[in-house]
Amino acid sequence: MSVKKGSFVIEGLENVQINIGKVGAEDEQIAEGPTPRPEIISLRNWDYRILDRYNPVYTPTSDMCDLCTYGKCDLTGNKEGACGIDLEGQSARQALMTSIMGAACHSAHGRHLLNYLIRKYGEDFKIDVGPSNLQAPLTETIMGIQPRTIGDFRPVLDYVEQQLTQLMATTNTGQEGASRDFESKALHAGMLDLLGMEVADIIQISCLGFPKSDEKAPMAEIGMGILDPKKPVVICVGHNIAAPAYILDFMDKNAQFDKIVIAGLCCTAHDMTRYNKSAKIIGSMSKELKYIRSGIPDVLVTDEQCVRADVLKEAQKLHIPVIATNEKITYGLPDRSNDNVDDIIEDLVSGKQPGVVLLDFEKIGELVPKLAMKIGPIRKAKGFTALPDDEEFRKLVAKCTKCLQCTRDCPESLPISDAMAAAVNGDLTLFEILHDKCVGCGRCDYSCPSDIPVLNVIEKASQRVIREEKGKMRIGRGQIGDPEIREEGRNLVLGTTPGVLAFVGCGNYPDGTKDVYDIVEEMIQRSYIIISSGCAAMDIGMYKDKEGKTLYERYPGRFVKGNLLNTGSCVSNAHIAATTIKVASIFAGRKTKGNWEEIADYVMNRVGAVGIAWGAYSQKAFAIGTGCNRLGIPVVVGPHGTKYRRAFIGKPYIKENWNVLDGRDGSVVNIEPAPEHLMITAETKDEVMPLLAKLCFRPSDNSLGRAIKLTHYIELSEKYLKKMPDDWHVYVRNEADLPVAKKEQLMKLLEKKGWKIDWEKKKITEGPLRKVDVSFQPTNVPRLCKEVKK
Amino acid sequence: MKGNNQAKPKMPEAIKPATKTEKPVEKQEVKVIDTTRQAVPYNTGNIPGPKMARAVMPAVPGKMLAKAKRPLLIVGSEIDDEEVLARVVALGRAGIQIASVGDSHKYLADKELDAHYVNLHALASYLCDPQWPGLDGKGGYDLVVFFGITYYYASQAISALKNFSNIKVVSIDKYYHPNADMSFGNLKQDVFIQALDEVIAQLPK
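These protein sequence lines are chains A and B, in that order.
Reading the first sequence from the start, the letters are residues 2 to 791 in the numbering used here.
Reading the second sequence from the start, the letters are residues -19 to 185 in the numbering used here.
Simulated from the structure, these hints should not be mistaken for lab results.
Quick caveat: nothing in here was measured; it's all calculated off a predicted structure.
Quick reminder that beta carbons are idealized off the backbone N, C-alpha and C, glycines included.
Be careful, since some hints might not be right.
Which chain B residues face chain A? A few, computed with CB under 7 Å, are given here [to be verified]:
1) P28
2) G56
3) A89
4) H101
5) S105
6) N143
With the hints as constraints, model all of the structure from the sequences given.
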């Protein structure tokens, strides 16, 4: 359908003007559900259903509120402050503000890209994400429209921005007061976050030639040890591909990839490799300070999100020029966007300016490689590095008084003084272990009363392991294609694939990066589908088995059991959530457009998907998790996640919380707690593995699927906690649900619990909460029942 | 030590006060410890507000445990140390029910204690709920005592109890926990072990 924009008047009707903006094919634009473009309370009933079962649990980091001049108010013990808000309300308000921050980040990223890509490619540029009819599942489900061109996303982001403003308004003193409604609004912000991410990634996949649902996307090199430090090195830091794409194009055009090394830190790195396979990846945000202080980068290019606030300060010490390419991070630098490239280079090489703001992409593309070629040899000749030499190192470790202040300030409470003491005796192994566990924040530097630059000492001592830090990661594939969903959807809904585990989020791991690798390895060997994105996707690729292979090299990338997929950068998280919508649509034929509640209800009751953000630190990660929660997907966070201050935890001992309706006749069915929680933390990797298995149970599991899930739940608990789970029997509906290999043993245990067993027929005759019913249609939404039982 | 679930406590007499030396009995010095020193949040920035834990000597939580009708001891992933584990076992054998959070159950599985695995975050939620039937279905608890949990994780979990429950919470950890009602100050390992022994010494034999 071809329609031109414009306006016209009809002869004789001078006062009537008809404007034509955007018209789409009718069948694509008619909402199929009741809530297209939901306002901030349109989905409140669904949110209340979630909150009634998964009660918000608040763990405040502060008992005070200091948001307005009435305060500071002491809210300890859930007291009310001067405005009338209590600590529960304040905690919920903080959850909302955190979600808004995260959603704003991703959506603003999307807006920046959309404006740029429309300018460059035109608004009629077709969306192409690979073999999919359902190309924008979140957009369809939330907005009720089916976008075809990148211009179709304009009203989507208009909507997100308008909603976020409405939500932010409710956090002002004297606005919303009920914690329950703050949480409903936080869930709304989380949903908007998913939408903003989907827009950002679909438009960049479509316009920039990223892999499109490519299960065989090539490998990229990853690690602190992969770069040749003898060549000029350009490091791009952040999340937004727009500027790095121009640098890569310029280098490509001028055949500079053998002369200059270009790599990324954090999610920009993902998208650089999706754009040009010559780019490399250093790693997550945890590596930023470590890599800058190594002195290896000759030019630092920043864009937005997950860029340390001290990049300029740190870079300046080592004469590394910083090119700030995005309005959101400008470091107080002069805007040189209108200046001549050679003049800017001269000022940067001479040190007249430590960095510049440069918002003209063409100039960035030209300037950065030229600058690297010019300043690289100068910097290398001078040997800039923040790391001490051998003699300085010996003196520094000897200065440690073991006061433990560094450990007390370290987010991971690392035993730094033990490593110092060992190093005094020439043993660096403890420091090498710390290197993996250290999140690179640098708080230890400020805490040391002896002025030891602790992080530099750790990195100096770890040079051997850093040189060997060379991994492989499969480049971000983008969406899961419709054919893959058709192939796997049934297994997921019936439970015969034990679950989809999405490893997402940041690198604030409680006990080192390798935990993520270990958890993935255990679960993938058990045939879970592992989907990853962002920093977690990078960290999975950092370790090798005895044969020298990473998990990406050992396991293929298709959406089937026992595979390992990387969707891409942080905004590619949208595809992980969207996969569950695709299952509901493609496998079960559920209508999507404007139909969030029905889709989320389906996902919660039938799709065994769980998110795990083991090292989540950012507001963005919280928003993603909250958005997944509104879609019915449980999320587990590492122990630092308690500092997000809110979780959604189920109470299995309150029987009526676990009532659902049978969609066939509206009858009430009391089910097992499945999924038991919607957002929860775990203390260690050994604890989290059985928890993940447990959260994959769904009421719709058939007996074979339930037996498979139960097998993993029991085995993981026995392996890592040395015990049978206390609640395993709750998930048994009949003898067919029992793992075949342990059937008799488990039946004996059930008998001890008082269940009646017919040993002749090997059948359970009494005991389970409910029976298996293959036609059971669990739903939490009364209107979705075909008829309501009185 | 982490991950060494084979560790066997070599101190069956853990209830006795610890002594650091093997000097003859007549010359044995009983070190007097003060667990109220260094009562500042172990993680420097962990300052919740005006109400912070009262620093106490070990006899206080010891007597509270002895008097409590239904106390609960919560232990976590940091009980892998041999000496610490021996004190967990001693407390359990004194009849105190144990909530083994994190992965701590792997250290307790073969000890024949009244120990129940539970997720700490979930436990914090349940403890705030008067309807919760407890880990064994026999009702809620009137006193929660804890140690051996990742510091910040424990601190956050008990902030829920501090603000949204009426349960008394006492830290007998080696870290000062501001969100508890009472806590030891930040202790060195040997003082910590001795403090645990003094707590245990208050319990009925």
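How the hints compare with the structure:
{"no.": "1", "hint": "P28", "result": "holds (5 Å)"}
{"no.": "2", "hint": "G56", "result": "holds (6 Å)"}
{"no.": "3", "hint": "A89", "result": "holds (4 Å)"}
{"no.": "4", "hint": "H101", "result": "holds (5 Å)"}
{"no.": "5", "hint": "S105", "result": "holds (4 Å)"}
{"no.": "6", "hint": "N143", "result": "holds (5 Å)"}
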